[in-house]
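Asks: Residue numbers (numbering that gives the first Met the number 0), protein chains in the order written: chain A, 0 to 577; chain B, 0 to 177.
Some hints here could point you the wrong way.
Pairs of lysine-lysine residues, derived as BS3-like cross-links and limited to a Cα-Cα distance of at most 27 Å, are as follows [what the hints assert, rightly or not]:
#1 A:K287 with B:K56
#2 A:K225 with B:K147
#3 A:K372 with B:K102
#4 A:K276 with B:K51
#5 B:K147 with A:K276
#6 B:K56 with A:K55
#7 B:K147 with B:K129
#8 A:K225 with B:K90
Derived by calculation from the structure, the hints in this document are not laboratory data.
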Amino acid sequence: MTDDSHLMFEIAGLALHSLNGTLDEIGLQRLEALLESNPLAVEYYQEILWTFVGIKSMKGISCLQEVSNSVLGREFWQVMQQQEKVAPPVEITETEEATSQELIRKVNYPPKEKRKLSKFSIFMLFNTAAVFLFFIYLRFAPPPGGVEVVTLIDSINAKWADLDMPMHKGTRLSTGNERLLLREGCAELLFDTNARVIIEGPAQFQILADDRIELDYGNIYSSVPKDAIGFSVYTENAKVIDLGTEFAIEADFNGNTQLHVIDGKTVLIVHGQSDKKGITVSQGEAKKIAADSSEISDIPCDYDHFVRSIDSQAGMVWRGENLSLAGIAAGGDGIQELGSLASLDPVKAEYVESTADVYVRTNNTYNLTPDIKWLDGVFVPDGEYGPVQITSSGLTFDCPDTSGIFTHEIIAYKGSIANQHETTPPVIIDGQEIVREPILMLHSNIGVTFDLQAIRDAMPQVDIRSLKAMGIPTTESTFSEFKFWVLVDGRIKYEREITGYVNRGPVSFDIEFGPQDRFLTLVVTDTLGAMDEKNSEKGSNVPAYASDFFYLINPELCLTGNSERSSSESERRIKRMP
Amino acid sequence: MDKKDIKIEHKVFIGLLVPNQTRIQAFILTLVPNVNDAEDIYQETVSMMWDKIDTFKMGTDFVAWAVTIAKFKVLEFRAKQKKSKIQFTDKIYETIESSAGSKIHAVQDRLDVLKRCIWELSEQEKDLLKLRYDLDLSFQKISLRIGKTAPAVQRTIAIIHSKLALCARRVFRQEGLA
């Protein structure tokens, strides 16, 4: 019976799409039609999933060398294109064993000769054997202090105490009696079982085994993949067994233990109790175990307290917080607190002392910002001459006609605006200016594009889930008429027209990203020709775009598992606005 | 109870789970072919297995017991996601479940053969698998790295998977395995 390689290939394509979460309704219908009409398709479908599971379970394609440039080879891709049409099966050659068996014939051995060894030869033989065994022992004997089971893979500002060996990237750590004291800073450890742990000092700990660590005091965050289920953390009064998850533990000097489960599930066992009395603690839950009484109490799960990722090259310490888009617009990483006001010129594509209230015309180009961390570029949108380029890859946007003028740069700030920028009105809600949240202010006509892929490259362990923000036009009683757009890879994901005199209610949005989405663009466009009638009556002839202020309050890129945060006080006040 | 006793108790559960987790994961993935959903269901299955470990009799078929729990968790998932996610119809689901359940013990044999089939791939094909699975790069990242479009990368990896699956079937037929 021969297999149907075309059918197998079609099933493989559909199944892999499904595994990645990219199978649409039409694809699913096609897959179901195949499975329903052909029993062979069901077998093929299982085989494909088993190959997927098999490869994932192997912990590495063990017969590969270093990834070479071979994948760039044109010939390889031409062959793949041909095979897409035919997809022939892989030929398995006969094993050497099977081949050699056919060739085994009767062998005539020569008669044994008696050999005599002199006393000297015997002496040398024993000596050689002893030396050989000694070197074997040196090579394979466990080092003093235990077995190496952990690698130090990164650290930031780490200061270790009382160590005989240097601690740097690649240092191997052993089990044994030695307790390690991290006086300050953070260290990232990778166990041989693939469990990853970040320790924040001051902390004292001991490696117990390739799946076990004891924390005397300090903070520890663990990320445990499926194949490391069972990884355990011991403290003075508790033990936590992982069931495939992310969790964090704080052990204080008094012996109290806190467990916070960021994702997945764990089992918490208090010392003195059997494993069966362990309690399951799940995502979003946290428990405290008191030192003296071993009583367990519920506490709020703190997503932002523990260091979850470090990158010494980027100087980054991430505690799970979302990334501030205002902070990124100011040239930062969105984690550090926003410092002084940043004013980004959309034509010069650089930070400037504000030139607000000077009418500057667009240069009709997309202006790259290669020196600004996670920005792609900036522009002044005007659709008069056709679609407007909005990304470095050439994506365009069918922008409406605008005046082609901008009067205010892209402004990112925090705190009272009066001390920082003369001509930008404050955002006032319930009689109070918003000062605690970072704000990204966009005035028509402005466009700014963020590079999500650059963020992913810098933080590969993180998944950017969505953009979450509240937007509010100026709260002063001026006339404004503009439109706000959010685009992802050139596709409109959100648009809102703002028009009128008095306070308008806030707008809020939560835009999800796919794993392939790269460019996030925010655009504010004026309404060409609109005039401020109120001021026109007074003869001031003020164009309507003069008051097109749009404030994004605390715009955030929500990262993995972070979208369910509670709102800040300012966000709650804004939500209460009519 | 001291630390040594705690270690033995949980070690029994882990000792049963770890050698069989690939089979359980394969079963779940066959019914819910989405990596993220299958992972969630697997975690919940393991959690429920831990809670109910007292109901498992040592010496009996651990995988069969685990699969019973996994089926329950998959059905729970399907009921919850009925409106929000596209998923197999009940008829297709039953067909796949029946087939997957009867072949669960063949998974390990398949995986052993898979290693031989991977060995026979070209170096370029192995390189591509390594980029995808060892380095865990998305199709987009691979495409940026090698200068091809993401859909082209995805199609090529589908070809490699289909080659491996056909190879495994061929070996089984040639060697007269079940």
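Asks: Each hint should be assessed against the structure and marked as holding or not.
Replies: Now for the hints, and whether the structure bears them out:
Simply put, A:K287 and B:K56 have alpha-carbon atoms about 34 Å apart, too far for the 27 Å limit, and the pair is violated. Between the alpha carbons of A:K225 and B:K147 the distance comes to roughly 31 Å, so the proposed pair goes past 27 Å and is violated. Distance check on the hinted pair: A:K372 and B:K102 sit about 52 Å apart at the alpha-carbon level, beyond 27 Å; violated. The straight-line distance between the Cα atoms of A:K276 and B:K51 is roughly 12 Å, inside the 27 Å bound, and the hint therefore holds.
For the hint pairing B:K147 with A:K276, the CA-to-CA distance comes to about 54 Å; that exceeds 27 Å, so the pair is violated. In summary, the hint linking B:K56 to A:K55 is not supported, as the alpha carbons are separated by about 30 Å, beyond the 27 Å threshold. Our distance criterion of 27 Å between C-alpha atoms is met by B:K147 and B:K129, whose separation comes to about 17 Å. A C-alpha spacing of about 31 Å is found between A:K225 and B:K90, which places the hinted pair above 27 Å, so the restraint is violated.
The structure shown violates the earlier hints numbered 1, 2, 3, 5, 6, 8.
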